[in-house]
Amino acid sequence: MNHATPHVGAPVHTFTQLLSSTRRGARLARLLAVTELRSRGASQDLTERAELVVAELAANAVLHGRVPGRCFRLTLSLDPAAGRLRIEVSDARGDLRPLPRPTDAASDPLSTTGRGLALVAALADHWDCVPYPPSGKTVRADLLDITP
232 MNHATPHVGA PVHTFTQLLS STRRGARLAR LLAVTELRSR GASQDLTERA ELVVAELAAN
292 AVLHGRVPGR CFRLTLSLDP AAGRLRIEVS DARGDLRPLP RPTDAASDPL STTGRGLALV
352 AALADHWDCV PYPPSGKTVR ADLLDITP
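If you want my numbering, it's the 1-based position in the sequence shown plus 231.
No wet-lab data here; the hints were simulated from the structure. Check each hint, because a few of them may be wrong.
Label-pair distances were calculated between CB atoms; the ranges are [as the list claims (entries may be wrong)]:
no.: 1; residue 1: Arg346; residue 2: Pro242; range: 32 to 40 Å
no.: 2; residue 1: Ser366; residue 2: Arg269; range: 32 to 40 Å
no.: 3; residue 1: Thr253; residue 2: Ala313; range: 30 to 38 Å
no.: 4; residue 1: Ala313; residue 2: Thr247; range: 16 to 24 Å
no.: 5; residue 1: Val298; residue 2: Ser274; range: 34 to 42 Å
no.: 6; residue 1: Asp326; residue 2: Thr378; range: 22 to 30 Å
These numbers come from a predicted model, not from an experiment. Cβ coordinates follow ideal geometry from the N, Cα and C atoms, glycine included.
Just need the whole structure built from these sequences, with the hints factored in.
Have a look at this one:
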């Protein structure tokens with residue numbers, strides 16, 4: 232579902248897609264996000280940061296939010312007038328809410344997992360997690376376009 236929402240100034244462009252809760256679905260989410268942002272004229276900086284955030288949130292939805300037979304949802308809301316992009320990834324596991332990994336010395340520096348939300352926090356201007364009724368969750372990340 233793609234549509235423009237009325238807004239003072241430029242319209243807010245919203246893109247929503249259901250994707251399979253598989254590695255292929257996560258990869259497709261990243262590719263679709265890049266294609267959509269490029270088609271809307273988003274800056275290269277915003278598109279590159281969004282690509283990484285979508286990749287991480289989609290991978291988390293597949294790895295930690297998967298319920299057999301259920302998809303995850305990617306939503307992008309681009310507000311050119313405000314210079315803001317909201318990324319939302321919704322999955323079916325509301326009982327597993329994301330928490331940033333502690334960055335203490337006890338954590339394994341050679342671990343290959345557990346750093347994704349730190350990456351999201353570094354790239355996004357804000358991120359949070361809210362319920363997605365009836366039993367899921369939505370992880371949201373807001374990115375501001377800092378290019379002139």
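Hints, one by one, checked against the model:
no. : hint                        : result
1   : Arg346 x Pro242: 32 to 40 Å : 36 Å, holds
2   : Ser366 x Arg269: 32 to 40 Å : 35 Å, holds
3   : Thr253 x Ala313: 30 to 38 Å : 34 Å, holds
4   : Ala313 x Thr247: 16 to 24 Å : 19 Å, holds
5   : Val298 x Ser274: 34 to 42 Å : 36 Å, holds
6   : Asp326 x Thr378: 22 to 30 Å : 39 Å, violated
Hint 6 from the earlier list is the only one contradicted by this structure; the remaining hints agree with it.
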